[in-house]
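Undergrad: Sequence:
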Amino acid sequence: MPALITHHLFGEKAAALLPEGIIRNQEELLAFILGNQGPDPFFTRFSTTPENASACHRLAHLMHERKVIPALMALRDGVAHLPEADKGIGRSFTLGLLGHYVLDSTTHPFIYAQQYAICGAGVGLEHRGSEVHAIIESDLDTWMLWSMRHQTVRDTPTASLLTRTERIDRVAGALFSQLALQTFNIKLNPEQYAGATRDYATLYRAIEPVGSRKSAAVVAIEHLFSSYGMAESMAHRASTSDDCAAANLQHHPWGDPATGEVRDESFPDLFFGALDQWADVAQTYVRGDERLLRAAMGGRNYNGMPAED
1 MPALITHHLF GEKAAALLPE GIIRNQEELL AFILGNQGPD PFFTRFSTTP ENASACHRLA
61 HLMHERKVIP ALMALRDGVA HLPEADKGIG RSFTLGLLGH YVLDSTTHPF IYAQQYAICG
121 AGVGLEHRGS EVHAIIESDL DTWMLWSMRH QTVRDTPTAS LLTRTERIDR VAGALFSQLA
181 LQTFNIKLNP EQYAGATRDY ATLYRAIEPV GSRKSAAVVA IEHLFSSYGM AESMAHRAST
241 SDDCAAANLQ HHPWGDPATG EVRDESFPDL FFGALDQWAD VAQTYVRGDE RLLRAAMGGR
301 NYNGMPAED
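In this text, residue positions in the sequence shown follow full-length UniProt numbering: the first is 1, and each later residue adds one.
For the record, the hints were derived by calculation from the structure and aren't laboratory data.
Misleading hints may appear alongside valid ones.
Stated by the list, open to error - Below, a list of computed lysine to aspartate or glutamate pairs in the EDC-like style, where the Cα atoms sit at most 16 Å apart:
id	residue 1	residue 2
1	Lys-67	Asp-309
2	Lys-87	Glu-166
3	Lys-67	Glu-308
4	Lys-87	Glu-27
5	Lys-13	Glu-308
6	Lys-87	Asp-77
7	Lys-13	Asp-169
8	Lys-87	Asp-169
9	Lys-187	Glu-51
10	Lys-13	Asp-280
11	Lys-67	Glu-290
If you're wondering where the values come from, they're calculated on a predicted model, not measured in any experiment.
Between the sequences and the hints, there should be enough to build the whole structure, so can you do that?
TA: Dropping the structure here:
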């Protein structure tokens with residue numbers, strides 16, 4: 001989930017690979033880029049009622065784990081029911097959600113392999129998997145921003161990557177609301193997506209950059225109520241280093257948790273490998289060929305594990 005920056009960078013690259021005419025204007029491009037954040041904003045929903053927050057969190061978890069292809073097809077079908085003036089925004093946003101899935105399912109085995117290795121090293125991190133996972137992804141985010149743009153989060157604040165319009169929020173909210181009920185039997189108010197994205201941006205404004213006074217205050221408050229430090233783990237450093245241990249630039253072997261296969265790809269290998277398959281997957285999705293889409297993605301969920309349908 002903390003890989004907000006990497007998903008944004010992937011979205012920028014993926015947009016350029018779509019056939020001409022799919023994204024027709026700046027607002028549709030914004031919708032596509034935001035869609036590349038997938039359901040992740042729902043994980044951070046907090047400024048609402050407990051019932052709404054619970055529905056958001058459940059949807060985010062379920063979308064990552066099961067009914068992946070049915071959910072994507074439901075989103076595609078939902079675009080057809082939008083008002084004509086909103087269909088371009090809906091199509092672009094939904095394609096962005098597909099991009100999130102393509103990148104997640106390709107890179108998550110690599111990230112989980114590191115997480116399991118670190119948590120199983122006997123250094124007291126056995127029950128800190130979520131925090132370790134967040135730190136790995138945050139380090140990758142920081143390095144990707146520097147390696148691809150030569151920028152840090154001081155130059156490009158993470159929250160600024162969630163730019164959107166009122167119409168994008170409204171259309172995306174309608175699509176997620178329909179998906180939640182149709183695919184997962186979750187009642188989700190259409191306004192919850194806009195609220196979740198706003199909360200996501202608020203969180204990052206509060207915790208970044210690492211080491212700032214406001215970040216330290218948030219971390220201190222979190223530790224008053226919990227022994228876990230998710231806010232601290234999610235925050236990005238302002239780094240200008242060309243090195244990143246989490247990226248595996250030296251191609252050390254790692255074990256794929258889904259298959260047991262020993263692999264040696266670096267994170268950039270996986271990132272650009274996902275881009276290589278993106279255009280074909282997107283065209284399959286636009287055509288509505290569920291069988292070919294399922295085959296192309298190998299039955300994986302967002303975590304890179306076998307999907308539960």
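Undergrad: So, for every hint listed, does it hold in this structure?
TA: Now the hints, each set against the structure:
no. : hint                : in the structure
1   : Lys-67 with Asp-309 : 4 Å, holds
2   : Lys-87 with Glu-166 : 15 Å, holds
3   : Lys-67 with Glu-308 : 6 Å, holds
4   : Lys-87 with Glu-27  : 12 Å, holds
5   : Lys-13 with Glu-308 : 30 Å, violated
6   : Lys-87 with Asp-77  : 11 Å, holds
7   : Lys-13 with Asp-169 : 23 Å, violated
8   : Lys-87 with Asp-169 : 13 Å, holds
9   : Lys-187 with Glu-51 : 10 Å, holds
10  : Lys-13 with Asp-280 : 15 Å, holds
11  : Lys-67 with Glu-290 : 12 Å, holds
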